[in-house]
Amino acid sequence: AQSVTQLDSQVPVFEEAPVELRCNYSSSVSVYLFWYVQYPNQGLQLLLKYLSGSTLVKGINGFEAEFNKSQTSFHLRKPSVHISDTAEYFCAVTKFSGGYNKLIFGAGTRLAVHP
Amino acid sequence: DARVTQTPRHKVTEMGQEVTMRCQPILGHNTVFWYRQTMMQGLELLAYFRNRAPLDDSGMPKDRFSAEMPDATLATLKIQPSEPRDSAVYFCASGSVGSNEQFFGPGTRLTVL
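From first to last, the protein sequence lines stand for chains U and G. Position 76 (the first sequence) corresponds to 76 in the numbering used here; numbering is contiguous. With the second sequence counted from 1, adding 1000 to any position gets you the numbering used here.
Just chain U, with the same shape it has in the complex:
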């Protein structure tokens, strides 16, 4: 069965520093992978997705993620964070069940950017 593990519940970082948010998944079949961001009191917004092709995926707001099949990972990175990147980040994997692809979300990682 598909599942998603986000290894860090909270990541504090200083402004302009690089950051990596870790995500590992378990699946016996090919998957689609996603990163969503949730700003306070808002819904989830898609940052980026991996469906196929190049393993390095670029998303919005300067984020990127690398799909590593051998390590079953999809870590999210940004070379220089801003205060405005403070939010909760969710990794998700698709699971084909009941005739459709449902999203299985990780527990989330709270990124706190400090001045």
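There's no promise every hint is true.
[Unchecked claim] Across the chosen pairs, the derived CB separations fall in these ranges:
| hint | chain 1 | residue 1 | chain 2 | residue 2 | range |
| --- | --- | --- | --- | --- | --- |
| 1 | G | 1071 | U | 71 | 42 to 52 Å |
| 2 | U | 14 | G | 1109 | 23 to 33 Å |
| 3 | U | 42 | G | 1020 | 16 to 26 Å |
| 4 | U | 61 | G | 1078 | 35 to 45 Å |
| 5 | G | 1081 | U | 30 | 22 to 32 Å |
Calculated from the structure, these hints are not laboratory results. This one's a predicted model, so the numbers in the text were calculated from it and none came from an experiment. By construction, the Cβ of each residue, glycine as well, lies at the ideal position given by its N, Cα and C atoms.
On the provided structure of chain U, position chain G as indicated by the hints.
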């Protein structure tokens, strides 16, 4: 600017009362998802609709929860009777069959006293 809208944004009610949450999917989208978010359980899928038909409601407590799509522009999630353990943020998301992307609404924060 196409967005999923949800009403109300906040709801405080007393145990035993009926609660109805509404969602307007993005025009043209034919899939709708209902999620519940809590600190303890994270994001849980409650129900999935395709072309207004409920295809999966296995994540929803059947005794008190019900979800419907009376038309293509409206999805509803009803809790009757509500209980304190139902306190959570409820999200609606919409998408298109064949696309794996889901567009989320801003959520309804429900507090049951």
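Exercise for review: Given the hint of 22 to 32 Å, check if residue 1081 (chain G) and residue 30 (chain U) actually sit that far apart at their C-beta atoms.
Suggested key: violated, 44 Å
Review point. Are residue 14 (chain U) and residue 1109 (chain G) spaced within 23 to 33 Å by their CB atoms?
Key: Since residue 14 (chain U) and residue 1109 (chain G) have Cβ atoms about 31 Å apart, the given range 23 to 33 Å holds.
Review point. Does the Cβ pair residue 1071 (chain G), residue 71 (chain U) satisfy 42 to 52 Å?
Key: holds, 46 Å
Practice item. Can you let me know if the beta-carbon spacing of residue 61 (chain U) and residue 1078 (chain G) is within 35 to 45 Å? Key: With a Cβ separation near 36 Å, residue 61 (chain U) and residue 1078 (chain G) satisfy 35 to 45 Å, so the hint holds.
Exercise for review: Indicate whether the distance between the beta carbons of residue 42 (chain U) and residue 1020 (chain G) respects the range 16 to 26 Å.
Suggested key: holds, 22 Å
Checked against the numbered hints above, the structure breaks only hint 5 and satisfies the rest.
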